[in-house]
Amino acid sequence: DARVTQTPRHKVTEMGQEVTMRCQPILGHNTVFWYRQTMMQGLELLAYFRNRAPLDDSGMPKDRFSAEMPDATLATLKIQPSEPRDSAVYFCASGFLPNSPLHFGNGTRLTVT
Amino acid sequence: QQQVKQSPQSLIVQKGGISIINCAYENTAFDYFPWYQQFPGKGPALLIAIRPDVSEKKEGRFTISFNKSAKQFSLHIMDSQPGDSATYFCAASGNQFYFGTGTSLTVIP
Chain E
1 DARVTQTPRH KVTEMGQEVT MRCQPILGHN TVFWYRQTMM QGLELLAYFR
51 NRAPLDDSGM PKDRFSAEMP DATLATLKIQ PSEPRDSAVY FCASGFLPNS
101 PLHFGNGTRL TVT
Chain B
1 QQQVKQSPQS LIVQKGGISI INCAYENTAF DYFPWYQQFP GKGPALLIAI
51 RPDVSEKKEG RFTISFNKSA KQFSLHIMDS QPGDSATYFC AASGNQFYFG
101 TGTSLTVIP
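Chains as they are written, first to last, in the numbering used here: chain E, 1 to 113; chain B, 1 to 109.
Errors might be hidden in some of the hints.
[Said to hold, decoys possible] Looking from chain E toward chain B, a few residues come up when the C-beta cut is under 8 Å (computed):
hint: 1; residue: Thr13
hint: 2; residue: Met15
hint: 3; residue: Gly16
hint: 4; residue: Met40
hint: 5; residue: Leu46
hint: 6; residue: Ala88
hint: 7; residue: Phe91
hint: 8; residue: Phe96
hint: 9; residue: Pro98
hint: 10; residue: Asn106
[Stated by the list, open to error] Cross-link-like lysine-lysine pairs, in silico, DSS-like; alpha carbons within 30 Å at most:
hint: 11; chain 1: B; residue 1: Lys68; chain 2: B; residue 2: Lys58
hint: 12; chain 1: E; residue 1: Lys78; chain 2: B; residue 2: Lys58
hint: 13; chain 1: B; residue 1: Lys15; chain 2: E; residue 2: Lys11
hint: 14; chain 1: B; residue 1: Lys58; chain 2: B; residue 2: Lys42
hint: 15; chain 1: B; residue 1: Lys71; chain 2: B; residue 2: Lys57
hint: 16; chain 1: E; residue 1: Lys62; chain 2: B; residue 2: Lys42
hint: 17; chain 1: B; residue 1: Lys42; chain 2: B; residue 2: Lys5
hint: 18; chain 1: B; residue 1: Lys58; chain 2: B; residue 2: Lys15
hint: 19; chain 1: B; residue 1: Lys5; chain 2: E; residue 2: Lys62
hint: 20; chain 1: E; residue 1: Lys78; chain 2: E; residue 2: Lys11
hint: 21; chain 1: E; residue 1: Lys11; chain 2: E; residue 2: Lys62
hint: 22; chain 1: B; residue 1: Lys42; chain 2: B; residue 2: Lys15
Keep in mind that the hints were calculated from the coordinates and are not lab data.
Small disclaimer: the values here were computed from a predicted structure and weren't measured.
By construction, the Cβ of each residue, glycine as well, lies at the ideal position given by its N, Cα and C atoms.
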């Protein structure tokens with residue numbers, strides 16, 4: 001059963017440190033999304049890629065966040081420097097768009113102290 | 001502008017009752033409308049989806065009702081069970097996905 005894999009599942013770090021989250025999308029999917037979930041904001045779109053090309057990263061704070069897709073099997077989301085307000089669960093999702101379902105990973109729970 | 005509006009924010013239903021969650025969308029170009037179910041500590045998982053050429057889709061106890069003219073769709077959970085307690089998200093998609101803000105459903109035994 002194909003699934004989206006995210007690592008690490010949990011990350012605790014101190015303010016100012018760099019954080020890298022990784023995602024392995026489902027093979028053959030052409031679109032990869034990064035979402036952030038908090039109690040207050042629900043599912044917040046950060047960035048997404050189509051065929052590895054970034055299409056929209058307007059949801060990301062550009063000064064500290066960056067998203068890349070170095071190859072079809074890996075998407076990364078980096079935060080540098082991290083801040084306590086970045087504490088949230090970060091989800092990666094992939095799909096064969098348009099008009100097909102997204103498949104989510106189980107997320108990375110980030111805590112910045 | 002919020003592309004998909006979802007209500008209610010939370011819902012409490014007795015076991016065996018019907019749970020109803022509503023969504024409204026803005027863009028008539030959307031042509032795929034999924035519902036996702038999320039349990040604590042897990043990512044959202046596809047529950048059921050509909051395309052705008054049909055008005056209703058049923059899978060077991062879960063039914064989507066779709067009203068194209070009103071730009072609204074809803075999820076009905078029949079015979080709600082405590083195991084259905086979760087957060088539910090509606091979404092609308094074309095080339096991009098837009099999610100509602102979620103509904104926390106609690107089914108009381």
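Of all the hints numbered above, which does this structure not satisfy? Sort the numbers upward.
Of the numbered hints, 1, 2, 3, 4, 5, 6, 8, 12 and 13 do not hold.
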